[in-house]
Each structure stands twice: as C-alpha cells, then as structure tokens.
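Undergrad: Please build the complete structure, drawing on both the sequences and the hints.
Everything in the sequence shown is counted per our numbering, starting at 367 for the first residue and increasing by one.
Mixed in with the good hints there might be a few duds.
As the list claims (entries may be wrong) - Quick list of the computed label-pair ranges, beta carbon to beta carbon:
no.	residue 1	residue 2	range
1	E411	I514	20 to 28 Å
2	R496	L393	30 to 38 Å
3	P464	D397	40 to 48 Å
4	E478	A401	14 to 22 Å
What the hints contain is simulated information worked out from the structure, not anything from laboratory work.
Here the structure is a predicted model, which means the values were calculated and not measured.
C-beta: ideal position from N, C-alpha, C; glycine also.
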Amino acid sequence: MMTEPCEDGYCARARAVEAVEEVLAPLADADQAFAMSAAAGRRCEFLGIPVKTRQRATRGILDRRPLDPDFVRGLWSLPEREFKYVACDHLLRQRRFPAALLPLLEELITTEPWWDTVEQLARVAARCLRYDSAAAETINDWATAGDIWLRRAASLCGSGQGLH
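TA: Dropping the structure here:
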C-alpha cells in the first residue's frame, strides 16, 4: 500500500478505516452473515463475524486511535453492521465523554439505525451524561424528538440501562 502525505489527517483516517476493512475481510463468514441478516429482518448487511472475533481483530487498531469523529463516520458509512460495531467499540473505549460528543451520537443514532447500534450509542450518551452535566439538555430533547431511535436512546439513558 502506498502512503500519501497527510496534511489534514484525512489520509490517516482513511488508512485506519481501510485497516479495519483489511482485518475483518478475511474473517467474513457468508453463512453467519446470512443468519445475522435474517435475524435483523434482512434490513442490514453483515460480514458474519462474531463479537469476540471482531473485537480481537480490531483491538490493535483501536488502541492506537484517539477519538476521531471522522474515523467513526468513515466506519459508519460502510454497509456491513460490523463496521458500525467497530465505531461503537471505538467510542466506548474513550476515557472522556464530553457533551460535545452528542451531535455525533445524534447523527449516528439517526443514520441507518437499528436496535443493536442504538443501544451501544445510548451507552456512550449515558457516559456523556455522567461525565458532563451539560449533556442533560440534549438527552432531554431526544426524549421528545420525532425520531423513535433518539427517544429510545434517551429512554435507555434515563433508565440507567445505558450506564453499563
């Protein structure tokens, strides 16, 4: 792979997303992907990679990444759910959860939402709430939003389920 110079960090993020793709691609299991898609009502595409296998495969990449919203968006833009799970893993590995993270979470919650990712993102939002009291206003707004997934995330935060 040729390495281009990075002036704005874009190519470093793109390479990190590609690195995730490269470590997950050989682990794909078509039979598992079919079963996982069936369980999701055929709404979602999957690679068919079990959770622990995915986490082991991506740990080295995520260990080296500071919080990077564009890295998260790059993963989220890929069609298979496992990439969205890696984005959630990346967010959950952070040490700080400022309220400033909530616009990104709202974007993700409302982009190709499904139960699996919304619950993980609600965990991040709950940590924002615990870390930064300024998050309360936004999460309260989610509770009355027109989007069912934002309401679900707010409900999980309010019930304490998102704190685990």
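Undergrad: The structure should be examined with respect to each hint, and the outcome stated for every one.
TA: Comparing the hints with the structure gives:
Restraint check, E411 to I514: a C-beta distance of roughly 22 Å satisfies the suggested window 20 to 28 Å. One distance hint, 30 to 38 Å for the beta-carbon pair R496 and L393, holds here, with the actual separation near 34 Å. Range check, P464 to D397: about 42 Å between beta-carbon atoms, so the 40 to 48 Å window is met. Distance hint check for E478 and A401: the Cβ-Cβ separation is about 20 Å, which falls inside the suggested range of 14 to 22 Å.
The structure is consistent with each of the numbered hints, conforming to all of them.
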